[in-house]
Every structure is written in C-alpha cells, then in structure tokens.
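There are 2 protein chains.
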Amino acid sequence: MIDRLIQQIIEKKNPSVVGLDTMLEYVPEHIVNDYGGQRIDLEGAANAIYEFNKAILDAVHEYIPAVKIQIAYYELYGPYGLEAFRKTAQYARAKDLLVIGDIKRNDIGPTAKAYASAYLGETKLKKGAVRVFDLDFVTVNPYLGSDGVMPFIEICRSSGKGIFVLVKTSNPSSGEFQDLNVQSAKLYQRVAAKVNEWGQELIGSTGYSQVGAVVGATYPRQLEELRKIMPNIFFLIPGYGAQGGGAEDVLGGFNDDGLGAVINASRSVICAYMRSPWKERFSPEEFSEAARAEVLRMRQEIDSGLAKKGIKPW
Amino acid sequence: MIDRLIQQIIEKKNPSVVGLDTMLEYVPEHIVNDYGGQRIDLEGAANAIYEFNKAILDAVHEYIPAVKIQIAYYELYGPYGLEAFRKTAQYARAKDLLVIGDIKRNDIGPTAKAYASAYLGETKLKKGAVRVFDLDFVTVNPYLGSDGVMPFIEICRSSGKGIFVLVKTSNPSSGEFQDLNVQSAKLYQRVAAKVNEWGQELIGSTGYSQVGAVVGATYPRQLEELRKIMPNIFFLIPGYGAQGGGAEDVLGGFNDDGLGAVINASRSVICAYMRSPWKERFSPEEFSEAARAEVLRMRQEIDSGLAKKGIKPW
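Here the protein sequences come in this chain order: A and B. If you want the working numbering, it's the position in the first sequence, counting the first as 1, plus 66. If you want the working numbering, it's the position in the second sequence, counting the first as 1, plus 66.
Simulated from the structure, these hints should not be mistaken for laboratory data. Among these hints, one or two may not hold up.
If several chains are the same, the list does not tell them apart, and a pair holds so long as it fits within one copy or across any two.
[What the hints assert, rightly or not] In silico DSS-like pairs for lysine-lysine, Cα to Cα no more than 30 Å straight-line:
1) K193 - K345
2) K345 - K378
3) K193 - K153
4) K78 - K345
5) K294 - K190
6) K345 - K192
7) K193 - K120
8) K153 - K190
9) K378 - K192
Just chain A, same shape as in the assembly:
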C-alpha cells in the first residue's frame, strides 16, 4: 500500500492529503436543511456530513493521492457517525484514493489485535470473516510499546497495508513527554528508533516501509532531524494550515527524491469556503470548489518549496 501511495503521489504530482475532520458546524446550510435544518438530529448530522464529504471528494479526488479521516469527529455523532466514517472511507476508495484512518489507537496485545482487525483486517464471524472498515493505513500510539503495535504490523505483513506511528506530534504540549531526555536521547527519538526497527522488514519496492511515522509540521527542526535518521520511513505530517505550519515548515520532511512524506491539511481545505481569500470568491453552495482551489494552491506552494530546495520530483 505504501508503494501505491507513492505511485499516487507521483501520478497526481501532489504529496498533500486532505483531512476530512468534518463537523456539523462546517456543513453549509443548504445541506443541513436537507437533513432537518435547525431540528437536525444525530442521524441527520451524520448523513449531512457524509453528503458534504462526498462533494469534497468529488471535487478534489483527481488532485490528491489520499485522504485522512479523523475518526473522533465521527464518534462525536455516535454509531451514526461511525457509519458515516465507514461510508466516507468506502466512497474515497471507490475514487481510487488511499484512505488513512486517523484513529491513534493503542492497547494491550489482544485488544490492539481487535482494533487492527476492525480497521485494517477482517472480523471473524462464525463462518468466514468480513472486512468492516477496510482502510489502507491507520495511525497508532506507541505508549504501550511493541506489543500494542505488533498486531497492526502483523496485519500489514499479510495484507500490504500500512501504519503511521506517532513519533513527534504537532500539538503545543507534545514535548511534555516526547521531548524528555531518556538514556542519551529524547523519548521521541527512542520511539523513532523503534519505528525504524519495526519497519525494516516491511520495505516495499519503492524503498519505503509500510510502517510510517507521524511527525508534526509544527516542529520543523525535529522533522528534519528525523528525516535523516529514518530514511526508509514515510512521514504523515499533520499541522499544516489551521495548526500553523506553513510550506517551509514541512519541506524538511522530504527526502531528496521528493518523496518520504505526505502533508495533511484538514480545516484549511474543508473549511476553505469560510475563510479568506476563498470566502470572497466562493459562496457556501460552492464549498467544494473552494476546497479544490485550496488543494491546488497548497500543491503549488509545496511544489515551489521543493523546487527552491532543488528538488523536482515530477
């Protein structure tokens, strides 16, 4: 799947992915009105969000390699929301996009296996098994160590799918534990070393591993440093756009081949129609065109940044 992600990046000439962190408050009125308007309930909200996501996917799928879906914003609407998550993932895959489930799951071995089965693998029934979410990649939290990660890696091994392990996250307090000095290194560096180790046996034909890492755009120095010590590890880089990371901040995440990273932008794309400069040009009815305009602007921005560094990958 990492090879397919790379192929898609090259084909679409774009290493940026769209984060579908859709909340009801982002959905324009004309869609909300179709699902109950002011009296919308959880089921209506979940359906309105799915409708919104479909329009965004229709508008941007030609220009991006993958989407990242943050499951928290679906759990917010309960089982209906989870169904909207499942259908959104399915719709994206039908458009040939790779789907990264931003689930940050973690638990002891047998429980991690249940998560891995649900999101990447299959659920056993009495006769046979069914794929429930069937995502291509998920994010995983490393606090529990190897045996919380191994069940995911085992499914990667048998299915070709992939994971991104949280190494250095994008949020302000990410240093509170991640930057603590442990024996001659910082904790996130120790996690990075472990990710390297976990990833070595799953390196695909493109030279990158199915085991990736999450490294926030908001810590550009660490991003550059991690790029050097994890050459075969693909990075999922959140924090671009609404979280404050800019194009120059993410460039350190790329290798000289122009690969090695996908940059995620969520609110800056899906809420583009609510923000300058796009809100002056697009009406709320044109929210998906605004999202496309922002996707193309962002692609251009990253492309120029790479070119300035002398990297011309496509």
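Use these hints to put chain B onto chain A, whose structure you have.
Okay, now just chain B, sitting in the frame of chain A:
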C-alpha cells in the same frame, strides 16, 4: 462521580469491576442461534453480544460497583458494534452501575475535545446538544501531553465525571517506553507526577480526585510505589485474572482505608463458564451464573487479601 464510585464500592463491599470485553466467540451457542447461528452477520453479532452483556449485568450488578467496557471489541463489529457498546453502557447505568469506557483516546486539543464530548459530554447540534455515550469515566493515553488531556479534564470539571490516565500499563512491553529513564525518573513516574498535578483541583469529598490512573496488576512493585506517590489518585487496575495478575499482586494498589483502587477482571469473569473450575459446574446456558460465581470468588479473594494486610474497610 469518583465519590459515587467510592460509595458504590463501600455499599457493594467490592472494589472489583467486570470488564465487558465481549467477542462473538465468547457468546454461547444458544444466543448465537437466535441471531443467525452459523450465518450470523455483523448486526447479528452485535445484537448477540448485547444480549450476552445484558444477562451478565443482570446476574452481577448487585455485587459490583462498576463495569469497564473495552470499546475495541465493539468497533470490531463496526457501527453495529458501537451501538451495542452504547446500549450496554446505558443498560449498566440503568442498573445503577458506573460505567468506565476503556477507550484510551488521545489526540491534539480540538480532536481530544471531540472525543471528550462524545464519551463524557455532549454533542452540539444546531439547536441544543445531545449526550451520545454519556459514560461516567474514560481512559486516556498521555503521549501527547497536557493539551490532549485537558479537554477531558474540562468536562470532568463541569460534569463531575472522571478519567483514568494510562501511567503504567499491564502489558509485557509496557516498559519499553514507560520504564525509560528520563531526567532523574522513569517516564511513567513523570506521567504519574503530571497526573497528580492534573488531579489536585478535582478532589472530591472522599479525598480522591476525578483524575485517576491506570496501573497494571502485572507490575506489583510499581503499583505499590505509585500508590505512595499518588495518595489522592484512584487507580484502575487491569491485568487481574486472564492477564496473570493475582489478588496478592493488586493489594499494593489500595490505601490503608481499603480504597484507592478498582480491580478489573474481564475474560476471567465473562468467560468463566468456559474455564475451570466453573465449566465443570455450569452449562453454557448458565454462563451468567458462572460469571456471578467468579465475581463472588474474586470479591472474597480480594477481601481476604486486604484482611491479611490488616485492612478491613467494610
């Protein structure tokens, strides 16, 4: 809520909670047959699991203060599973049990807020808001630092609900990162210090904080040590039973008042009918009686252990 948990512990004379980590393979044939037998699908599996949980809750609710529901085993059955999770929580609360959602969620601030709203708080709609899962406690992973935990704490502050932050987990590789030496301490000790700090302003009338900690039964020495340095913090102790922790291993988690800890047992209770000595005494149709027998045996075991240490809390 921590005060209500303590009140329930004293009333039921039992600090042990039952973990509803229910998978289809644990559900006896006579229930599976009602939902499709060999041809059971995801929806049938979720309904069979809910049926199983209800029978367990009917049989044990008089003897336990709370249940812990591990959400991974529900996500395994997709949106249907999540609905079974929601209904199980609701059924348990209707029986006056407190509900601990073992969700181990973690993310950057705005996303953690979505999780906290879904599981402890309420989901905003266009007019007003609804409670989706309405649990009493959830477990939280600390890897992202304060701003991944604060949204949960804010809801605790306004609602009286509680959290248990992972400090020292019960799994074999929990030491991989948690035991690393950071500036003059181990990482889990630094997390413990932070939990202490987070918890100080939310101490209830019983002297314990709404901010608790997860500390595994499988590391009794650390449990004892943490008990000393976190006197106001209530512990959720997993790892008893199927994971290998025994009564003597968990005793260090209690304060001299006999409080300060709830011990969770999952498979040893819900699968009691499949295991010695109970499988010799109960048929699969009597799975809930077997669960009750194991709950009472466990209560007795912990009670004797506490008495041996000179603690006679009830």
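Each hint tested on the structure:
1. K193 - K345: between (53 Å within a copy, 25 Å between copies)
2. K345 - K378: neither (32 Å within a copy, 67 Å between copies)
3. K193 - K153: The answer is both: 24 Å in one copy and 26 Å across copies each meet 30 Å.
4. K78 - K345: within (26 Å within a copy, 59 Å between copies)
5. K294 - K190: neither (41 Å within a copy, 44 Å between copies)
6. K345 - K192: between (53 Å within a copy, 22 Å between copies)
7. K193 - K120: between (34 Å within a copy, 25 Å between copies)
8. K153 - K190: Cα proximity of K153 and K190: in one copy and across copies (21 Å, 22 Å).
9. K378 - K192: Cα proximity of K378 and K192: none, with 52 Å in one copy and 47 Å across.
Checked against the numbered hints listed earlier, the structure breaks hints 2, 5, 9; every other hint is satisfied.
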